[in-house]
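A.B. asks: Going down the list, the protein sequences come from chains V and G. 1 is the number of the first residue of the first sequence in our numbering; add one for each residue after it. 314 is the number of the first residue of the second sequence in our numbering; add one for each residue after it.
The hints are simulated quantities; they were obtained by calculation from the structure and are not laboratory data. Any given hint might turn out to be false.
Here are the computed lysine to aspartate or glutamate pairs in the EDC-like style, where the Cα-Cα straight-line distance is at most 16 Å [stated by the list, open to error]:
#: 1; chain 1: V; residue 1: 271; chain 2: V; residue 2: 240
#: 2; chain 1: V; residue 1: 232; chain 2: V; residue 2: 262
#: 3; chain 1: G; residue 1: 398; chain 2: V; residue 2: 48
#: 4; chain 1: V; residue 1: 24; chain 2: G; residue 2: 551
#: 5; chain 1: V; residue 1: 214; chain 2: V; residue 2: 304
On a predicted model such as this, the values are computed, not experimentally measured, just so you know.
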Amino acid sequence: MMIYNNSFREALGHALLDAGEAFKNIVVIDTDLATSTRTQYFAERFPDRFIQVGISEQDAVGTSAGLAIGGKTPILVSYAMFILRGWEQIRNTISRDNLNVKIVGTHSGLSDYLDGSSHQCLEDVALMRILPNFTVISPSDTISTYSLVIQAIEQYGPVYIRLGRDNAETIYKTEDEVTIGKANTILDGEDFTLVSYGGMLPITLRAANILMKKGYKPRVIDMHTIKPLDKKILYKAAIEASPIIVVEDHSVYGGLGSAVAEYLSNEKPTKVLRIGMDDRFGTGDLTYEGLLEYVGLSPRRITERIVGELNGI
Amino acid sequence: MYGDGTPISIGPEELNLLRNILSKSLNGKQLLIMEAIQRTKGESLHRILHRISESHGIPLSTLKFHSNILLELGLIEKVLSNGRKRVRISRLGRKLLMILNGSKVDEDVEVPESIDSLSVELKMRLIEFLKRINGFHLGSSLTTLNILIAIFTYRQLTNKSITSTKLVLSKGHAAPALYIVLNHLGVIDDEILRDAFSCDSIIQTHPIKNCPTVVFSSGSLGQGISIANGLAIKMEMDRDYDDIYVILGDGELDEGQVWEALATSSSKGLDNILLFIDRNGKQLSGATEEVKRKEPLADKLRSFGWEVFEVDGSKPSNILKKIFISQCLAGWPKAIIVHTSKEIQGIGMR
């Protein structure tokens, strides 16, 4: 059965609808993208709690901060790429004052394949995880999107939720399978560990399937919470199934790959291979699969890269 | 010295004549409706008319007839804000009310002149206070001092809490002036002032939220109006109103976010925001008009949907009068351009 049409933004739209009923304190802030991010559902049901500020992200960040200061739980939803236009405001106000603002960046990574590189956000994980007080989440399917959005609202403090556009696949069966801060082992194995998150997790799983057919036994971890990092699961993987290979539709600089390397280099020095966007931008393509193939992040090309590296070890 | 935007100036005699003419052209019921709208915040016309009908025993149909005339004349207008239908006095309507009730002339507002001598005293204390950091941001603090004195005096005179004042110091580097005023009011004690600017202090060179009356930690310019908007929207949602005072420097107007936020406030009719622009004409690299032109500032603000006043900021009593006048207007966010100078008593510094 298809869940929310296997679309991250559909899952978000429905999570916010239900959250609107359950949490009277939440308000949604939009920058003229409601139909595209699916906050339109919330806007139609709760017009009094939907705030349109127009195409002005810096103002939207400040307005969200003011609402949080007043005691509301604002949820600011926009494209990941354009929210970053207000990064300094996020840093200086939301992060510094530890304000209870939830920021949802949709269309992240390469998920907005047709719009091209101006819309494809490959930097947000790096820029958000360095901010004190922030929790950074990137769910890997629609069920975990729904669940983690609700959990983010339930906890106090600023949260950045990185979402893909559509192109999700079903990973989890129930909402209670995911908890903020606790990574999930999706596939057990001991030859090496693949760590991924968000829309790249199903792609990584496909690569793992190809690798299994070649006789490898990969472990696959869904690191849906990038900050705080689940250190236990990484430490265990470093002992039981190294090397660690991180796959992400993000710059190889500053993303989850860097976070994993930062941790392991201190606690359990292990080889960490970072597969992502290698100091480059994406481009537009007619299909998501086509774009992944082009930039080297399709299951086939990820597999090739891993086999090459393993043989070189 | 500074007009309220009308290109012609009207003397007291002419004002009386005009008042006479206008009061004869509108009937009592129409004025009643306008004054009721003026006093309310974010209500629908229907609800207001119902209330007048009940309290004055006037048939609803009569009131509807007269409100239609007011709408046709453009003296009141309907707006949609946050999904709610509201009615407010139009710009023209406000001018008319200002002339009619006469309280809109500076001379009619009585404020304690003692705050002008207080200003001189606090200025000296501010200079003394900042000696330990070699006059760091002294100029900016001096030009903002009178605005702060006026705001807190207004709170006192209207019996509003001092400690729960919602102050958005967008111009964060003027924080030392706030500390001196708060110390004078007894909100910050001498000991805190003595340990100012050190690691654990709640009074830093740029304000942090732990300091009383400070709404958010500022320092990065251009963000204050957005913060005030968010807070004002929250107040409107919960029908729990208080004034929000925002202080902006004129150099700060270079930031694009200021203009995004100005448009948001007026789009949403956030009329409990009172914005002060410290128009000292100087920014770090020189004269504001040379760095990036700000004029015609009042016209720009008006074109963004704000009600604008201008005042000579050399005395806090002048500013206080404008605050009282501005507070008579509901339905629109209000800005007071305060003309100040960084060249005070021969002390010229940034």
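A.B. asks: Confirm or reject each hint.
C.D. replies: Each hint, compared with the structure:
{"no.": "1", "hint": "271(V) with 240(V)", "result": "13 Å, holds"}
{"no.": "2", "hint": "232(V) with 262(V)", "result": "14 Å, holds"}
{"no.": "3", "hint": "398(G) with 48(V)", "result": "11 Å, holds"}
{"no.": "4", "hint": "24(V) with 551(G)", "result": "11 Å, holds"}
{"no.": "5", "hint": "214(V) with 304(V)", "result": "11 Å, holds"}
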